[in-house]
Amino acid sequence: MTILEINNLKKIYTTRFGSSKVQALSNVSFSVEKGEYVAIMGESGSGKTTLLNIIASLDKPTSGEVLLNGQNIVSISEKEISSFRRDNLGFVFQDFNLLDTFSIQDNIYLPLVLCGKSYDEMNARLKPIAAKLDISDILSKYPYEVSGGQKQRTAVARALITTPQLILADEPTGALDSKSADSLLSLFENINNEGQTVLMVTHSIKAASHAKRVLFLRDGEVFHQLYKANMTKQEMFAKISDTLTVLAAGANNKQENKIK
Amino acid sequence: MSKMFYAKLAVSNIKKNGKFYFPYILTSIGTVMMFYIMCFIFTNDGISKMTGSVYIKTIMIFGTVIIGIFASIFLFYTNSFLIKRRKKEFGLFNILGMDKRNLARVLGIENLIVAAAGLIGGLLCGILFSRLMIMILAKLLKFNISFGFQISIYAVAITFIVFIAIFILIYLNTLRQLHFAKPIELLYGSNVGEREPKTKWVLAIMGAISLLSGYFIAITTDSPLAAIGLFFIAVLLVIIGTYLLFIAGSIALLKILRKNKGYYYQTNHFTTISGMLYRMKQNAVGLANICILSTMVLVMISTTVCMYLGLDDALRNLYPRNIEVTAQSISVQDCQYLNEIIEKTLSESKNSSIDTIKLRYLNFMVSQKEDSLSFVSNGVYLNNEATAALFIPLDEYNRINNSSLSLKENELIVFLKKTAIGNNVTFADKNYKTIKLTDDTGLAKYTSIKYSDNYLMFIAPSEKAIMNIYNSIALDKASNTNLNYYYGFDTNVNSASQLELYNNINTALNNSKSIHSDQIYVGCAESIREEFLTIYGGLFFLGIFLGILFMMATVLIIYYKQVSEGYDDKQRFEIMQKVGMSRTEVRSTVKTQVLTVFFLPLIAAVIHIAAAFKMITKLLEALNLTNIILFAWCVLGTVVAFSLIYALVYSLTARAYYKIVE
Ligand SMILES: Nc1ncnc2c1ncn2[C@@H]1O[C@H](COP(=O)(O)OP(=O)(O)OP(=O)(O)O)[C@@H](O)[C@H]1O
Ligand SMILES: [Mg+2]
Chain P
5 MTILEINNLK KIYTTRFGSS KVQALSNVSF SVEKGEYVAI MGESGSGKTT
55 LLNIIASLDK PTSGEVLLNG QNIVSISEKE ISSFRRDNLG FVFQDFNLLD
105 TFSIQDNIYL PLVLCGKSYD EMNARLKPIA AKLDISDILS KYPYEVSGGQ
155 KQRTAVARAL ITTPQLILAD EPTGALDSKS ADSLLSLFEN INNEGQTVLM
205 VTHSIKAASH AKRVLFLRDG EVFHQLYKAN MTKQEMFAKI SDTLTVLAAG
255 ANNKQENKIK
Chain C
-6 MSKMFYAKLA VSNIKKNGKF YFPYILTSIG TVMMFYIMCF IFTNDGISKM
44 TGSVYIKTIM IFGTVIIGIF ASIFLFYTNS FLIKRRKKEF GLFNILGMDK
94 RNLARVLGIE NLIVAAAGLI GGLLCGILFS RLMIMILAKL LKFNISFGFQ
144 ISIYAVAITF IVFIAIFILI YLNTLRQLHF AKPIELLYGS NVGEREPKTK
194 WVLAIMGAIS LLSGYFIAIT TDSPLAAIGL FFIAVLLVII GTYLLFIAGS
244 IALLKILRKN KGYYYQTNHF TTISGMLYRM KQNAVGLANI CILSTMVLVM
294 ISTTVCMYLG LDDALRNLYP RNIEVTAQSI SVQDCQYLNE IIEKTLSESK
344 NSSIDTIKLR YLNFMVSQKE DSLSFVSNGV YLNNEATAAL FIPLDEYNRI
394 NNSSLSLKEN ELIVFLKKTA IGNNVTFADK NYKTIKLTDD TGLAKYTSIK
444 YSDNYLMFIA PSEKAIMNIY NSIALDKASN TNLNYYYGFD TNVNSASQLE
494 LYNNINTALN NSKSIHSDQI YVGCAESIRE EFLTIYGGLF FLGIFLGILF
544 MMATVLIIYY KQVSEGYDDK QRFEIMQKVG MSRTEVRSTV KTQVLTVFFL
594 PLIAAVIHIA AAFKMITKLL EALNLTNIIL FAWCVLGTVV AFSLIYALVY
644 SLTARAYYKI VE
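The listed protein sequences correspond, in order, to chains P and C.
If you read the first sequence in the working numbering, its first letter stands for residue 5, the second for the next number, and so on.
If you read the second sequence in the working numbering, its first letter stands for residue -6, the second for the next number, and so on.
Hints are computed from structural coordinates only; laboratory data are not their basis.
Any given hint might turn out to be false.
[To be verified] Pairs of lysine-lysine residues, derived as PhoX-like cross-links and limited to a Cα-Cα distance of at most 20 Å, are as follows: (1) K121/P to K252/C; (2) K254/C to K121/P; (3) K254/C to K131/P; (4) K584/C to K83/P; (5) K457/C to K401/C; (6) K145/P to K252/C.
Take the sequences, apply the hints, and build the full model.
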């Protein structure tokens, strides 16, 4: 079953005074099946964050459509968009985005409180998630009292607790040391194995090699994609490196072409 | 590096931090201006020529000192706020290779620029407005002289010295802060202390006790004399209570709310309570400052306005008639003679009297044991048991009130003010039946008994009966051989003619040797009006002046709070939106928090005023101002005007806040 379908997405940023325009996405189309784990890779400035923000309904595309379960989220009104986001999407950011005025537990509860859930229900939902993410001991602490890895697991718990259709992650391992990054990646793998659909933007080949499919963006278009299928992580890792080399060479060729 | 580099850096720093520096410079200008104007007034020659200039000068010197102290506290406050905000910037400079010595130099130049701008701008504005202010003062004091445009060198010099000293101290304080800061601290300067506040139960409870006892004193004090003594204790208790409750009480309350899971985990309580916890930790002291300042503004303006407007009332309370003659221990014949002299003087000056009151009476202190009254010897006058007693003969009472009451020989009519007595009263074994009266029919105010909080007023069958009672209990029988006499009347002539008449009566009575009385005193409200006007008018002027200064301080604190909050909140609201709050939801929780934070001090100030109301009326009573309705209107007017200004300031600064957040 297709959960997310993206058709001919285009995004042009106009600078504040309208003088110059940047085409961040020129024509992006792809789809994600339920239960998939998709990584998006690409050079800096290739439009990954832009794409994710549009899927997250934090930003509007210039043209094209984003269908989540067949519903075009581009046309959802401003009023309903935040409750739609709350009900269907979960986010994990590079810089955690935890609120320092809330304890770890309250940070995780935040989206549920916004939905108006009762305390007992929230508590019941938190227990298994906290156990799985190994944060049961730090629930009453504050963000500034815990490590980066713990913060990111908190952010994952916050994303999971609403049982969203889709989890969106923008460079979730970017601010973590390699050990924390590894544990986060195996965590993503676990939740994916349990049926959770995940879409992750990353620079890290290691991170991408955990995914079942990797999309490569270049110049605002989907340049290539790789399926893991039966490959091991090591094989996948090698494949991704190769593709990136080709990608970089392509970019160089292009630059050379420009120079000539 | 060249000197120019530092100067350039300093200027660009001031520009870059304009949001914080500009109000700081404005405050400097404002305080310098007000200080100069105060100095200008008390060194002014025109003012020295006024009657009662001593009072004005004393009031203005007092005002100058207050402004001086306040200006230093306030400039210190704004400056330290500025430094706190800029610590990160200093840290960056430090890491980029500027050592503390260089930083100190840049800061020195910055301070110099601010000081120069403040002093020059302030003095210029001061010189410009001093003429206007002195005109306003003259108008308030109803004093007509034309003041030329002038600059007081003396005032300029004092202002200069005082403020240079303040700015140097501020700079030294900045250096101190810089010296003790570690680079890492500088870099994370404004982020230090985001920890969750601890609940300090002891402080919260102490605050509540302190505040409530302050209120208790204010509400239960009945006598004006006691009010004077207790007022400052009550004020101190309330101030302590306010600070403790804002600092510890608010946190304790919020934590209790947070403990209540059902209440806390509701969409609109969740973010508000946690946000408020954080805000109160950051702002408690600032908010308590705003609260105390607002209360001061409200009390000061409402009382001084009331005093100024109530001047006529106060004079009328002191002198119920325009011109009054009081004679101690005087015979009926001599009264007749005194009347003739007064009436002759009146007709000679072609004046006529209105509402003439003539009253024979006797008053002395008694001590009461149940229903038995005995004389109080001089030594124990201040004893609690001593009560003032007033005796009026029945015929005098009937004549003045146009009534025809009659009394048997062993009966007394009694009016009780905050005293109690049974159906019988005994003077030295002689027993009288009492007939209670519910109204003093306005007679007490003509005698000195009006100064007592509680007294007994008796109406006796005859003058002889009064003297019998007096002689039966008096210890020193010779002291009063006759009743006292009051002769008072109104006129419908202007102040100057009243004063002339007053002088004429005084001379005529002094010249007549034939009246036998212990003491004759002639009084005229107009004779002391000017003195009252200078004192009340001077205080009124000072009240408004300081009111404006404190208001300025309040505005600035609110502004700084809003701006700094804005920078802190910006990031938090971005996160909330990402996590799934809509813009409108974020806006509404922000609004609740910001409104609560900024209107809390105002609400607390209004409650303070309400609690202080009774005590202040008692203080005013000590100043002969008994018009409670007038005071109520003054308080109401001040509160409404102040709230409007407060709301206006809030909405303007809120705009600055939302600009930053969005
Ligand atoms: N708000 C904006 N206004 C104008 N241009 C923007 C804006 N956001 C992004 N861009 C431009 O759009 C392009 C794509 O940016 P985007 O942030 O999506 O890249 P990215 O792939 O996420 O890069 P990175 O890997 O460095 O995070 C870039 O050229 C960027 O400069
Ligand atoms: Mg990015």
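Okay, which hints does this one fail, numbers in order? When the structure is compared with the hints, none of them turns out to be violated.
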